[in-house]
Amino acid sequence: MSVDKDTVRRIAHLARIAIKEEQVEPMTGELNGILAWIEQLSEVDTDGVEPMTSVVEASLPLRKDEITDGGYPDKVTQNAPGAEDGFFTVPKVVE
Amino acid sequence: MTDLTKLSMAEMRDGLRAKTFTSAELTDAHITAMEGARELNAFVVETPEKARAMAAESDKHLAAGIPRGDLEGIPLGIKDLFCTEGVQTTAGSHILEGFTPPYESTITQNLWNDGAVMLGKLNMDEFAMGSSNETSYFGPVKNPWRATGSNFDFVPGGSSGGSAAAVSGFLAPGATGTDTGGSIRQPAAVTGIVGIKPTYGRCSRWGVVAFASSLDQAGPLTRTVRDSAIMLKSMAGHDAKDSTSLQVDVPDFEKALTGDIRGLRIGVPKEYRMDGMPEAIEKLWQQGIEWMKAAGAEIKEISLPHTKYALPAYYIVAPAEASSNLARYDGVKFGQRVEGDDITAMYENSRAAGFGHEVQRRVMIGTYVLSAGYYDAYYLKAQKVRTLIKQDFEKVWGEVDAILTPTTPTPAFGIGEKSSDPLEMYLNDIFTVTANMSGLPAISVPAGLSEDGLPLGLQIIGKALDEETVFRAGGVIEEAAQFTAQPSKWWS
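So the sequences go chain by chain: A and B. Start counting the first sequence at 1; every next residue gets the next number (this note's numbering). Start counting the second sequence at 96; every next residue gets the next number (this note's numbering).
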């Protein structure tokens with residue numbers, strides 16, 4: 001499988017990365033190089049093989065459903081490019 | 096007085112306890128070395144004041160004769176992937192420039208609880224994506240090693256390139272690293288030091304900037320096998336804040352270093368014998384086999400048939416997980432923001448400006464392989480191949496106790512030499528990535544020099560949670576190799 005320039009523009013948008021028009025062609029070439037190399041996996045017979053979900057045999061631990069942390073919005077927002085009154089601020093999203 | 100920076104961590108521990116020198120003296124010696132080695136670009140942030148304050152605290156504990164742990168008073172470097180409270184943490188990325196975590200990663204907290212002293216934050220490939228430290232926003236790191244009779248700059252490997260350069264250049268006796276596809280072992284090998292990736296789940300990932308969560312594991316880089324055992328013991332342990340952290344006891348890894356491997360069955364996988372492998376690597380591997388035999392181990396040829404598929408499967412799984420993990424860098428919660436006409440444009444502009452080219456490429460690959468219509472063909476297929484790779488190892492554990500391989504297919508390469516072709520760069524991890532794909536512990540130990548005088552490493556892969564055998568066999572290689580070569584100090 002390979003990608004064309006339109007697909008690269010669509011993936012960039014899905015990935016929320018602005019891509020300049022002059023970058024589309026080189027990126028298409030790079031992605032196709034990697035995808036062509038990955039294609040060798042099709043040689044492997046995986047019929048009836050379970051996809052890996054956990055690399056070590058461990059059961060997911062459970063804990064009590066209780067609040068163990070929090071209550072410091074100032075600390076949470078201290079690194080934000082924009083914050084007010086303990087909230088993150090973003091460009092207006094509703095009119 | 097002896098040069099304190101040349102001591103091993105174990106010697107530092109003894110000297111501090113015997114009051115031969117203080118942590119303040121030891122720390123000052125390393126601050127001087129760090130400040131005198133800026134040309135290597137190993138550190139992104141130096142924290143000499145914090146180091147001196149931590150050393151003063153350590154000296155109180157040492158004077159009272161009650162050290163908090165094995166690392167009391169010993170200065171360390173921290174890969175910039177570990178969140179450190181009040182100290183900038185960037186993961187080598189512009190998008191996190193200025194990010195100052197209000198919390199401490201579990202691993203670094205474990206080190207401080209045992210009395211370690213922080214020298215600063217170490218350079219790395221951006222978000223740990225790279226094998227040469229050249230993708231760092233803060234510039235490449237120079238390998239302290241140079242080829243015989245040359246003043247050409249080599250890469251220190253990656254992604255833990257700053258860690259490897261700091262330890263091999265005697266700026267720190269040990270440093271933290273992380274290993275997603277080989278990012279501890281490959282830089283350790285090409286800088287002539289020891290590095291171990293423990294079993295997946297040994298070390299908590301809490302507070303470590305995530306790259307590919309099912310593969311990421313932290314571990315130490317040090318100059319001796321014993322020092323790695325000391326440091327890993329401090330780093331490892333169950334942590335309720337990471338649900339993949341294993342609820343198992345941490346053995347005293349140092350006690351495993353008996354030097355006795357009589358009767359140990361060592362596997363040599365035929366699939367690791369690649370076409371075009373440099374003769375020096377081939378010879379080193381054969382030498383390793385001879386050392387093991389001489390120490391009383393039994394050598395068996397084994398087959399791991401899916402080895403060649405580990406790297407292409409990795410380049411589906413790791414970018415897929417990265418594309419999800421890196422979704423959090425959106426210009427809202429931390430780091431850099433670039434405004435746009437609306438919120439989507441703000442996200443897109445922030446990420447375009449904040450991520451470097453390799454990171455963008457991997458996020459794009461990851462987004463594509465997870466996108467509607469392609470998930471089964473790529474991601475599901477790769478996870479099935481991953482099952483087969485793990486099964487390859489499970490099948491041989493009946494016959495062997497550990498596996499011996501080269502760590503890297505080549506010695507260090509020149510800065511800029513491989514950065515134009517991503518696939519050529521990816522092949523650096525060909526011998527290391529299988530241990531990540533199957534969650535197994537693996538160590539790299541310096542074992543010899545190339546024709547040009549550059550260091551080479553051998554790798555021991557062990558069974559899950561059997562770091563003790565990995566350390567023991569690694570210790571035997573270290574003892575047999577007598578790797579005493581050091582880079583000559585050309586930086587000022």
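Please note that a few of the clues may not be correct.
Listed next, the in silico DSSO-like pairs over lysine-lysine satisfying Cα-Cα at most 30 Å (straight line) [unchecked claim]:
(1) B:Lys350 to B:Lys485
(2) B:Lys479 to B:Lys558
(3) B:Lys336 to B:Lys365
(4) B:Lys403 to B:Lys490
(5) B:Lys513 to A:Lys5
(6) B:Lys479 to B:Lys490
(7) B:Lys513 to B:Lys558
(8) B:Lys395 to B:Lys378
(9) A:Lys75 to B:Lys490
(10) B:Lys513 to A:Lys20
(11) B:Lys428 to A:Lys92
(12) B:Lys336 to B:Lys145
(13) B:Lys365 to B:Lys155
(14) B:Lys490 to B:Lys388
(15) B:Lys395 to A:Lys20
(16) B:Lys378 to B:Lys403
(17) B:Lys513 to B:Lys336
(18) B:Lys145 to B:Lys101
(19) B:Lys428 to A:Lys64
(20) B:Lys403 to A:Lys75
(21) B:Lys479 to B:Lys403
(22) B:Lys378 to B:Lys490
(23) A:Lys75 to B:Lys145
(24) B:Lys378 to B:Lys558
(25) B:Lys395 to B:Lys485
(26) A:Lys20 to A:Lys92
(27) A:Lys64 to B:Lys336
Simulated DEER-style distance windows between Cβ atoms [claimed, not checked]:
(28) A:Glu21 to B:Ser583: 45 to 55 Å
(29) B:Ala422 to A:Thr53: 12 to 22 Å
(30) A:Glu84 to B:Ser583: 39 to 49 Å
Calculated from the structure, these hints are not laboratory results. Idealized CB from N, CA, C, for every residue including glycine.
Here is what the structure says about each hint:
no.: 1; hint: B:Lys350 to B:Lys485; in the structure: 29 Å, holds
no.: 2; hint: B:Lys479 to B:Lys558; in the structure: 21 Å, holds
no.: 3; hint: B:Lys336 to B:Lys365; in the structure: 40 Å, violated
no.: 4; hint: B:Lys403 to B:Lys490; in the structure: 17 Å, holds
no.: 5; hint: B:Lys513 to A:Lys5; in the structure: 26 Å, holds
no.: 6; hint: B:Lys479 to B:Lys490; in the structure: 17 Å, holds
no.: 7; hint: B:Lys513 to B:Lys558; in the structure: 33 Å, violated
no.: 8; hint: B:Lys395 to B:Lys378; in the structure: 18 Å, holds
no.: 9; hint: A:Lys75 to B:Lys490; in the structure: 50 Å, violated
no.: 10; hint: B:Lys513 to A:Lys20; in the structure: 25 Å, holds
no.: 11; hint: B:Lys428 to A:Lys92; in the structure: 16 Å, holds
no.: 12; hint: B:Lys336 to B:Lys145; in the structure: 26 Å, holds
no.: 13; hint: B:Lys365 to B:Lys155; in the structure: 54 Å, violated
no.: 14; hint: B:Lys490 to B:Lys388; in the structure: 23 Å, holds
no.: 15; hint: B:Lys395 to A:Lys20; in the structure: 55 Å, violated
no.: 16; hint: B:Lys378 to B:Lys403; in the structure: 22 Å, holds
no.: 17; hint: B:Lys513 to B:Lys336; in the structure: 39 Å, violated
no.: 18; hint: B:Lys145 to B:Lys101; in the structure: 22 Å, holds
no.: 19; hint: B:Lys428 to A:Lys64; in the structure: 28 Å, holds
no.: 20; hint: B:Lys403 to A:Lys75; in the structure: 47 Å, violated
no.: 21; hint: B:Lys479 to B:Lys403; in the structure: 15 Å, holds
no.: 22; hint: B:Lys378 to B:Lys490; in the structure: 28 Å, holds
no.: 23; hint: A:Lys75 to B:Lys145; in the structure: 21 Å, holds
no.: 24; hint: B:Lys378 to B:Lys558; in the structure: 26 Å, holds
no.: 25; hint: B:Lys395 to B:Lys485; in the structure: 19 Å, holds
no.: 26; hint: A:Lys20 to A:Lys92; in the structure: 25 Å, holds
no.: 27; hint: A:Lys64 to B:Lys336; in the structure: 13 Å, holds
no.: 28; hint: A:Glu21 to B:Ser583: 45 to 55 Å; in the structure: 50 Å, holds
no.: 29; hint: B:Ala422 to A:Thr53: 12 to 22 Å; in the structure: 21 Å, holds
no.: 30; hint: A:Glu84 to B:Ser583: 39 to 49 Å; in the structure: 56 Å, violated
This entry does not satisfy hints 3, 7, 9, 13, 15, 17, 20 and 30, going by the numbered hints stated previously.
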